[in-house]
Amino acid sequence: MSDLQAQTDLYFVRRELAPPEPPPERTSGPVTWLRKNLFATPTDAVMTILALLFVAYALPGILEWALFKAVWDGADRTACLGDVGACWAFVKAKFPQFIYGRYPLEERWRVDIVFFLLAAGLIPMAIPAAPWKRFNLIFLMLVLPVVSFLLLTGGAFGLEEVETALWGGLLVTLVVSYIGIVVSLPLGILLALGRRSDLPAVRFFSIGFIELWRGVPLITVLFMASVMLPLFLPAGMNFNKLLRALIGVALFSSAYVAEVIRGGLQAIPKGQYEAARALGLGYWQMMRLIVLPQALKLVIPGIVNSFISLLKDTSLVYIIGLFDLLGIVRLNFSDANWATPETPATGLVFAALVFWIFCFGMSRYSQGLERRLNTGHKR
Amino acid sequence: MAHPIAEDAPLRTAEPRVSFLNDPVKRGLLVQFVLLVLVVGFFAWIVTNTAENLQRANIASGFGFLDYRAGFDIAQSVVPYSQDASYGYALLVGFINTLVVAVLGVVIASFIGLLVGIGRLSSNWLVRQISTAYVETFRNIPPLLVIFFWYFGVLAVLPQPRDALSLGFGFSLSNRGMFTPRPLFEPAFWVVVAGFAVGIAMTVAFSAWARRKQMRTGQQTRVLPAALALIVGLPLVLFVLAGSPMSLEFPQQTRFNLVGGLQVKPEFIALMLALSIYTAAFIAEIVRAGILAVSHGQTEAAHSLGLRPGPTLRLIVIPQALRVIIPPLTSQYLNLTKNSSLAVAIGYPDLVSVGGTILNQTGQAVEIVIIWMAVYLGISLATSLFMNWFNRRVALVER
Chain A
1 MSDLQAQTDL YFVRRELAPP EPPPERTSGP VTWLRKNLFA TPTDAVMTIL
51 ALLFVAYALP GILEWALFKA VWDGADRTAC LGDVGACWAF VKAKFPQFIY
101 GRYPLEERWR VDIVFFLLAA GLIPMAIPAA PWKRFNLIFL MLVLPVVSFL
151 LLTGGAFGLE EVETALWGGL LVTLVVSYIG IVVSLPLGIL LALGRRSDLP
201 AVRFFSIGFI ELWRGVPLIT VLFMASVMLP LFLPAGMNFN KLLRALIGVA
251 LFSSAYVAEV IRGGLQAIPK GQYEAARALG LGYWQMMRLI VLPQALKLVI
301 PGIVNSFISL LKDTSLVYII GLFDLLGIVR LNFSDANWAT PETPATGLVF
351 AALVFWIFCF GMSRYSQGLE RRLNTGHKR
Chain B
1 MAHPIAEDAP LRTAEPRVSF LNDPVKRGLL VQFVLLVLVV GFFAWIVTNT
51 AENLQRANIA SGFGFLDYRA GFDIAQSVVP YSQDASYGYA LLVGFINTLV
101 VAVLGVVIAS FIGLLVGIGR LSSNWLVRQI STAYVETFRN IPPLLVIFFW
151 YFGVLAVLPQ PRDALSLGFG FSLSNRGMFT PRPLFEPAFW VVVAGFAVGI
201 AMTVAFSAWA RRKQMRTGQQ TRVLPAALAL IVGLPLVLFV LAGSPMSLEF
251 PQQTRFNLVG GLQVKPEFIA LMLALSIYTA AFIAEIVRAG ILAVSHGQTE
301 AAHSLGLRPG PTLRLIVIPQ ALRVIIPPLT SQYLNLTKNS SLAVAIGYPD
351 LVSVGGTILN QTGQAVEIVI IWMAVYLGIS LATSLFMNWF NRRVALVER
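Residue numbers (the UniProt record's numbering), protein chains in the order written: chain A, 1 to 379; chain B, 1 to 399.
Hints may be right or wrong, so weigh each one.
Unchecked claim - To spell it out: a stretch of chain B is covered by chain A in this simulated footprint if at least three of its residues, at any positions, have a beta carbon under 8 Å from a beta carbon of chain A; those stretches are: (1) 200–206; (2) 241–250; (3) 359–371; (4) 375–382.
No lab work stands behind these hints: they were computed from the structure.
Think of the CB as a built atom: it goes at the ideal place given N, C-alpha and C, for glycine as much as any other residue.
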């Protein structure tokens with residue numbers, strides 16, 4: 001008993017309160033946020049201050065140019081002379097030209113219908129929950145190009161014929177990139193399959209084709225399409241400029257799409273191929289029913305990315321004398337009615353904005369898709 | 001109940017009779033044969049058409065025209081060039097101009113890209129936002145538009161040379177481009193160059209010795225101070241000892257123009273800025289992805305082994321990130337090289353632009369396009385061979 005008593009005596013019992021700990025650092029609120037995100041360490045603070053200085057230096061100038069000192073209305077160049085910012089009046093005056101090029105005024109409703117059909121096809125395609133994806137795809141890949149071709153060129157069904165030389169602006173940009181996409185997707189799939197084929201001749205030609213186009217700049221391809229295609233064809237057979245550019249762009253981009261799709265094909269485990277074979281499927285059945293559906297799903301983001309570069313690359317058709325959006329903006333710099341020091345920058349910023357909206361939209365879509373298709377693999 | 005196999009059951013020796021088209025081997029051969037015939041036929045058709053068309057247009061095919069007198073000026077050239085030079089030499093000048101833009105562009109783009117890529121991962125909110133804005137802006141705009149923006153929107157509207165914007169130290173900016181002081185080398189300057197070369201060689205030797213020493217004894221030797229002293233200090237000392245064999249020629253203000261000094265043409269500046277800014281946005285994303293690909297456990301393991309943040313980055317994170325970074329980086333470098341052909345749109349005399357001029361003068365479309373394609377394919381091939389070699393060096397060596 002006394003033994004136990006001795007033991008308990010050893011215990012220490014505190015008789016007064018311990019001094020209070022300081023309150024824990026706040027984990028929310030603006031000050032904490034600042035400390036955590038901007039001033040965590042001395043280096044961090046220095047970087048923040050440098051970045052702030054940079055923003056303080058750049059932002060007011062940009063805002064002043066684009067908004068506060070900009071000219072919004074005006075009939076000609078006189079409005080944009082003197083100490084002013086962006087000449088938005090120029091964009092306003094030329095807007096129809098930037099969209100339609102020199103497409104005849106009274107026929108522009110045809111272009112509008114094509115734009116509407118494109119939007120009507122693309123929007124449900126981009127919404128995952130929208131039904132009838134298969135028909136949607138057929139509409140986009142087959143029906144739309146044919147309908148647009150008939151509508152835009154005319155010469156049938158009582159529509160007046162419009163030469164492609166009159167097309168321009170956003171219309172040409174969209175036509176070239178859209179046809180590029182529609183042609184390069186199936187061609188790219190075929191080339192990717194060819195590159196992984198067991199037949200040496202098929203593989204050889206596919207590799208040669210892909211590497212040739214991937215190794216050269218698009219400009220040389222376009223030059224080739226514009227100066228060499230006429231040489232390649234027998235006398236009397238000729239294409240117009242737009243079609244030549246389309247051929248060049250489509251072949252060029254199919255090589256890139258092929259490489260993206262090859263990545264998808266390589267990611268499909270060998271067991272899938274073997275299982276398809278074991279079920280008795282032939283080569284095309286195996287590809288169509290087993291391999292391609294999985295491979296294409298894997299590489300949709302990559303395909304969208306190569307379409308983004310295709311859209312950006314269409315601006316190069318200007319170099320062979322087509323007036324796409326960038327080309328027509330560039331053409332208008334020399335319009336004597338609007339030539340001011342601010343005109344080029346304003347026109348280019350407008351064109352940049354249009355390209356940016358399309359490309360950024362596509363890249364966001366592809367990122368969203370990537371996230372949606374990646375469920376379950378997140379680490 | 002086992003089914004006994006009769007000893008005298010006929011063995012199936014003959015192959016089953018299959019239709020010729022259903023035999024995969026034979027069908028494969030047939031497909032390849034048809035493809036071969038089609039491709040060869042297509043090329044033959046093209047070649048005959050081209051030959052006929054050329055004959056009708058009275059254009060002699062072949063590369064003989066390369067020896068003719070060029071007769072046009074090239075605005076900018078690293079090597080001496082005059083109108084009397086041959087077409088072949090003009091193409092070479094264009095090719096060198098392409099290489100200059102490509103190499104400088106790659107260096108600047110890598111630098112900006114690295115900074116922005118690290119900035120995208122910074123813990124600093126503001127830096128992160130600025131980097132993201134940079135990447136998202138420039139990734140989604142055509143490079144040609146960026147070139148135009150600098151050329152027509154910014155550089156063309158700068159003041160005339162006589163009221164050029166002075167940047168100090170003899171640097172000034174006007175609508176004729178950037179004027180900088182021109183270094184004039186005296187003959188004795190070779191001493192400095194030699195000193196620089198010796199400095200690099202000695203640094204390499206020193207770092208090899210330091211590594212061997214560390215392997216043997218575990219003692220580390222700091223290489224950086226010695227390297228600085230050898231590469232920067234040695235040439236500097238020699239420069240002073242040789243009596244400063246270099247002077248600077250400053251551009252002089254005359255009534256209408258700046259004379260003397262070194263002029264960097266606006267075409268070059270616009271192309272350079274646009275290509276490096278555009279490509280840097282892609283490189284930044286690649287760098288970011290590469291760093292993210294190294295799992296955090298690697299950093300933690302390095303820290304628990306007692307490595308400080310610097311060596312952790314240098315010895316653990318970067319070598320592993322490089323593995324992921326290099327293949328896409330190669331293709332970005334190639335893209336930049338190929339995009340340098342956009343020079344033709346603003347008249348910087350690169351290979352494509354010079355070739356275009358020759359094409360217009362001589363009509364030798366086929367030959368010019370073949371030269372273009374051969375050169376760019378050659379550059380692509382050489383770059384990817386080099387990068388593949390480099391990639392193999394940094395690749396993960398697994399057990």
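Hints, one by one, checked against the model:
1. Note: the stretch 200–206 of chain B has 0 residues with beta-carbon separation from chain A under 8 Å; the three-residue rule is not met and the coverage is violated.
2. Taking a C-beta to C-beta cut-off of 8 Å, the stretch 241–250 of chain B contributes 0 residues in contact with chain A, too few for the three needed, and the coverage statement is violated.
3. Restraint check on the stretch 359–371 of chain B versus chain A: 4 residues with Cβ-Cβ distances below 8 Å, three needed, restraint holds.
4. Counting residues of the stretch 375–382 of chain B whose C-beta lies closer than 8 Å to any C-beta of chain A gives 4; at least three are required, and the coverage claim holds.
In summary, the structure is inconsistent with hints 1 and 2 from the numbered list given earlier, while agreeing with the others.
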